[in-house]
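Student: Residues per chain, in single letters:
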Amino acid sequence: MKLINKKGMVFEKISIVDILIILVIIAIGYYAVTFLNTKDINTISKQTVQYTFETEDVNENFAKQLTLEGNLYNSSKNYYVGKLISYEVLPYEIIVPDLQNGVFTKQVVAEKFVVRMIIEANTDQDDYNIHVNQENIKVGAMFPIKGKGFATYGYIIDIKEVVK
Amino acid sequence: MRRMNIIDIIIIIFIIGGILVLVSKLGTFGSSSGQGEELKMEKAIIVIEVEDVREATVNALKTGHIVLSEETNSVIGPIKEIIVIPYLDEIETIDGTLVLAEVPDKYTILVSLEASLIERETGYFSEGITEMKVNSMFKFYTKYVSTSGRIEEIDWQ
Numbered sequence: 048m049k050l051i052n053k054k055g056m057v058f059e060k061i062s063i064v065d066i067l068i069i070l071v072i073i074a075i076g077y078y079a080v081t082f083l084n085t086k087d088i089n090t091i092s093k094q095t096v097q098y099t100f101e102t103e104d105v106n107e108n109f110a111k112q113l114t115l116e117g118n119l120y121n122s123s124k125n126y127y128v129g130k131l132i133s134y135e136v137l138p139y140e141i142i143v144p145d146l147q148n149g150v151f152t153k154q155v156v157a158e159k160f161v162v163r164m165i166i167e168a169n170t171d172q173d174d175y176n177i178h179v180n181q182e183n184i185k186v187g188a189m190f191p192i193k194g195k196g197f198a199t200y201g202y203i204i205d206i207k208e209v210v211k
Numbered sequence: 000m001r002r003m004n005i006i007d008i009i010i011i012i013f014i015i016g017g018i019l020v021l022v023s024k025l026g027t028f029g030s031s032s033g034q035g036e037e038l039k040m041e042k043a044i045i046v047i048e049v050e051d052v053r054e055a056t057v058n059a060l061k062t063g064h065i066v067l068s069e070e071t072n073s074v075i076g077p078i079k080e081i082i083v084i085p086y087l088d089e090i091e092t093i094d095g096t097l098v099l100a101e102v103p104d105k106y107t108i109l110v111s112l113e114a115s116l117i118e119r120e121t122g123y124f125s126e127g128i129t130e131m132k133v134n135s136m137f138k139f140y141t142k143y144v145s146t147s148g149r150i151e152e153i154d155w156q
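In order, the protein sequences belong to chains A and B. Its first residue numbered 48, the first sequence is counted upward by one per residue in my numbering. Its first residue numbered 0, the second sequence is counted upward by one per residue in my numbering.
Rather than coming from a laboratory, the hints here were simulated on the basis of the structure. Check before you lean on any hint, since a few could be wrong.
To be verified - Have a look at the derived ranges for each label pair, beta carbon to beta carbon:
no.: 1; chain 1: A; residue 1: GLN94; chain 2: B; residue 2: ASN134; range: 37 to 47 Å
no.: 2; chain 1: B; residue 1: ILE93; chain 2: A; residue 2: LYS93; range: 56 to 66 Å
no.: 3; chain 1: A; residue 1: ASN106; chain 2: B; residue 2: GLY127; range: 49 to 59 Å
no.: 4; chain 1: A; residue 1: MET189; chain 2: B; residue 2: ASN134; range: 41 to 51 Å
Unchecked claim - 27 Å max Cα-Cα, derived DSSO-like pairs, lysine-lysine:
no.: 5; chain 1: B; residue 1: LYS142; chain 2: A; residue 2: LYS93
no.: 6; chain 1: A; residue 1: LYS207; chain 2: A; residue 2: LYS193
no.: 7; chain 1: B; residue 1: LYS142; chain 2: A; residue 2: LYS207
no.: 8; chain 1: A; residue 1: LYS159; chain 2: B; residue 2: LYS105
no.: 9; chain 1: A; residue 1: LYS193; chain 2: B; residue 2: LYS142
From the three backbone atoms N, C-alpha and C, an ideal C-beta is built for every residue, glycine too.
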């Protein structure tokens, strides 16, 4: 039996063209896998964090709906984002230009408040991200949040790792 | 030798298409000067101006933290230096004069990153993937903060 016969069949079983195609596919696959895997070596670890979520421009009834130890969820996608540990209510201030003197000043908006919620959650962390379910916990990240009796939007303004 | 049939030709076209997609994704498509030049990574400090942010962002950015591009999710490099200055904005006063005034509790941050850039005909690419251009907006994140700024300077080391 010849290695390649006159018809181009290797061991009279498979075409040399098919073998070349298979080799090219294997080479591309190897190259793609190598490229994707060399990006970063990223290990996932479990860590409890407390993050501060700030929502502003809310009325006085908002804080009445906050329950300590209550579960909180992303109100758009319904996944758990942690439980409420504590909160503080602050006056809501906005920055306005003083056209007379050419300066900016802070003015308190009557009957409006800023609420800062400390939320504790078990997170999955890698070298570059902190996740609570699908929520990527970062300062500056905005997401919609809800508890039993409220829903609002806000930003994460602080993240602290909890040593237990 | 067996003649190639239509199925073989279609498979070969798919393979060539796949190779072209991979090459273009890697950013090497059309990047060569055509004279067989070798592309080398060179270190550069990239200065990004992050404007109009609160103290929370200032506190979350730290030297040594690794910066990644929001757009490509690829690593750019570590933060080498952070300079924080008060954020100034324009006010048109009653007499029509434009003045720059400090905005309370708002800051401008100059973040210097160390990056490895490849120079190509079309621009500079961090790690061969993320394009870096002075005056362009750059969305980035570290493990602890997500923000954006304008690239102010690319300083070759």
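Student: Which hints, by number, does the structure contradict?
Tutor: 4
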